[in-house]
Amino acid sequence: MADPIRQLGAPGEAPALRPGRVVGTPFRRVDGRAKVTGRTLFADDLAFPRMAYLRLVRSTVPHARILRIDAASALAAPGVLTVLTGADLPEPFGIMPVSQDEHALCLDQVRFVGDPVAAVVATSEDAATEAARAVVVEYEPLPTIATIDEALATPHDDERIHHHGDGGNVHKKVSLRFGDLEPGFAAAALVLDDLFFYEGSTHLPLEQHAAVAVPEDEDRLTLYSSTQTPHYLHRALAQVLGLSAGRIRVIATPCGGGFGGKSDPFSHEIVAAKAALRLGRPVKVTLTREEVFYCHRGRHPVLMRLRTAFDRSGAMRAQHLRTALDGGAYGSYGVASTYYTGALQTTTYRLDAYRFDGVRVFTNKPPCGPKRGHGTPQPRFGLEIQLDKAAVELGLDPAEIRLRNLAPAATVTANWLRLGTNGLERCIDAVVTGSRFRERWGRLPHGRGLGLACGAYLCGAGLPIYWNHLPQSAVTLLLDRSGGVTVACGESEIGQGSDSVLAAVVAEVLGLPLGDVRLSVADTDLTPVDLGSYSSRVTLMVGQAAIEAAEKARELLAGAAADQLDVPAARLVFAEGRVLDAADPERSMTFTEAVWAAEARHGLIATAGSYTPPRAPGRYRGAGVGPSPTYSYTAAVIEVEVDPTTGLIDVEQVWIAHDIGRAINPVLTLGQVEGSVYMGLGEALYEEQVVRRLPRHRSGASVLRAVSMLDYKSPTFLDMPTVETYLIEEPDPAGPFGAKEVGQGPLLPIAPAVANAVYDAVGVRIDEVPVLPHKVLAALDAAKRGDPARFGPKRFPEVDYGETLIVPTPAEGGDGTAINDWRDRERRGMRGAGGTMAERSAEPRSGRR
Amino acid sequence: MSVLSPVPVTTLPLLVNGEERVVAFPVHHTLLEVLREECGLTGTKHGCELGECGTCTVLVDGRPILSCLALAAEMEGRSIETVEGLARGSELHPLQRTFADLGAAQCGYCTPGILMAAKALLEENPAADEAAVKEALAGNLCRCTGYHKILQAVAWAGAILRGEHDARPEHEWLYGSPEPSSTDRGEAKPGGEEVGARG
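If you're matching them up, the sequences are chains A and B in order.
Take the first sequence: its position 243, counted from the start at 1, is 238 in this note's numbering, and no numbers get skipped.
Take the second sequence: its position 161, counted from the start at 1, is 168 in this note's numbering, and no numbers get skipped.
Bear in mind the hints are in silico, worked out from the structure with no lab data behind them.
It cannot be assumed that every hint is accurate.
Example chain B residues on the side facing chain A (calculated, C-beta under 10 Å, incomplete) [unchecked claim]:
1) ALA31
2) PRO33
3) LEU57
4) ASN132
C-beta: ideal position from N, C-alpha, C; glycine also.
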């Protein structure tokens, strides 16, 4: 028998599709052949006639005023075409409307080592690199703020890194209360109050960021870039360049790894565009690996205090979570990141009384942003370890305490998130059975242990980054007389398989082989807007838009075919490239003949579909972060071997079950689960994006400790354990063919499962990530001395979180608003489009209130 | 010497994927740069240009090397193989087929380097077991896959190269649900070990 994978849908490889069975069957990804033959063109692979090369000059100091930039000798260097500085691009930008705090090149102040200050363009990359070294920048140093404590201790105006935010070096403060916590704490059988710390880490995509700007006219250009969010880049370019967006074409090239790290508009993209317009010739920029580390936008280091009341059965009755995020030098997605450290805490387990206080500060370090799981792996780490502790205290097994707390499906949480289907119980059963957790947890020999943890994640953010009422994804179909279908969508392939999802959904609806579907993607001139590859939104939103477009096309074809075949349209089936009478399959025509018939009747067959997520029920300020059409669920068990003499941790095996709703392509789905496990293990065990201060005689700057792939420890082939994956399919009506997300959720349980397994192995709690050998040894030593058998943070800073918004829960009869939000009341009915994410969530969306 | 800069330039015949071409390049340029820029063979990627990630791996006289650390000027008379030379006409190399079919290439950026390193290994030892594959590929980083699909693909390609033409991973592992009755896809099996169905 031929191999089932190869039989199915490999473009150009004689695909043999069974009728209507693309979705749910493993098939070769549509870009698979190009990627294994070297034919895929990434941004740096592009070359154009007369192309010039750009190199950024970056700050060598962490915080300073720019006194002078002398580019004279750079301009005189061989091959140099132009030099740009901040004055050339004075308009600020930033991914979030509320944090427009970046400049393509710093104007008068630098805020971290690596901040772009100037740019040199030359006829060769070597010449640009050499000349960039010749640019002299004179700085007047400002005090370096390198920690959360230092940021909180610098409230005065003259100490600020930015002059926006919530005062001093506080970028964002959040305080929200849902329900009354007091009764839960008063009646608790057990109250746990823990401190946790989750270290920052970076995405480390193998592809360095790259972009090529090609001028098409004096006021028109094309920018090719390795980006996850071509639409947001498009808007930032228009804003900073002062050009109409209609004159800018952004093409997202296949992205060589993103993980959130290519979701911001970046300086190098904007500067290359400006230089190309100025010089009238193409300009390419490719970052060095060191620059990629400094661009960062990765996982926020987060300090947490988590206080939870449990009743005798192990049920959580009330919880108060406090988070403090070290944001680095710019806003980036930070406002959303701050909310995300609290928003999804209610999606996995039932919490009827919940308070969340969060703060994000600015520091003179590479800016943090979204990394796989965006703001949620950190509180997930605390919650899942605390549940493990509670289970031990209450004499329950860790699986049982979770099963007793499961959030009920299809309900609205205390913080007003509407949950969809919930496959978590089946996920827990799968990994507990697979790992024989109940038989082995607590019973393995000293040094060997099992840890369990769970998680839940968004299937697409409910709201766009900037306030609008437009669809978040759209797809157009063009059918031509050849029988081929051209599908256009602004989605961007970053390796997750979004192109394959798009093609598979259209092929499924129209009963076509995958090879007959042609894609045009991520090109702002040719494809309708999709917001980008972030928040695990693409399968759900692009999939739904594609279904709508394809169903419209099918209806037009069915109407025409029904007349020719003399069969009721409702009886027609589209399969294997044919249109058939379900009652009499002999009565049929080819798909191409159906296109001819439909085009003769209607003219050109072109259809469109679009998707807007359902409106979320929350109306309070901050309710915009957290809603999603539905949520995915994951459970994982990890087995470790810990050497008590060295503290070394060896991860032996991972069992992971993911509630995928429905797998569009199981083979790619598995790849996403395995990749998430891998990235989670890297964070759990090795990876740290941290700065160190150079000695004063060497400038005293805060520089990254690891700026190379040797020093930054990511797992290799030799470090990766066996992974047993279970796909739990509980189709969700919100998703295309029932599908949910898979790209991020499976990362969430990994770090806490490792920490819980270390506890089972050697009896110590490591309440911070990464779980390094020296921390295990320190905790073992503490235990020997009779101190708490723990390693982790010892204090949480005093933070003024501001006035707490009191939001009555659904159980309390609330309407989704806060009772004390003056902005909400004042602005009710008074504002139209515009505003920030924080503001828009407070806006009235309907006349019902 | 260039008129613009004092950088010496050299001209050499290079044998790339069995085809000889005469290439002029600055003497300090690496094989990586010359392949991508002068030869237009952009299938070979770069991830660090410091010899740390394995992304730029090509074969020189059949041995995997990091092209970012090799000078093109030293390549005269040597046989260079890149990802572009892996397929026979339009027929993919078994490694390319299995990588594509199993999703061992996600973003695809590390893929050319890993394909070349795996080709060198399988040519030396078509029966390489999983430990040998891990060892041979340990210098190649991948951030997407968690390495599992790559190991499965290399094992499967090895079986094909050994002449086990009907070899294939057991696909039941795709749906390893412990609740077989709830799916129509057959019972969970740990199987397929010999071709690396699990990682």
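Status of the hints after comparison with the structure:
For B:ALA31, the shortest C-beta to C-beta distance to chain A is roughly 14 Å, which exceeds 10 Å, and the interface hint is violated. At its closest, the beta carbon of B:PRO33 sits 7 Å from a beta carbon of chain A; the interface hint therefore holds under the 10 Å criterion. Interface restraint check for B:LEU57: the shortest CB-CB distance to chain A comes to about 6 Å, inside 10 Å, so the restraint holds. The beta carbon of B:ASN132 is not positioned within 10 Å of any beta carbon in chain A (closest approach about 16 Å), and the interface hint is therefore violated.
Violated hints for the displayed structure, listed by number in ascending order: 1, 4.
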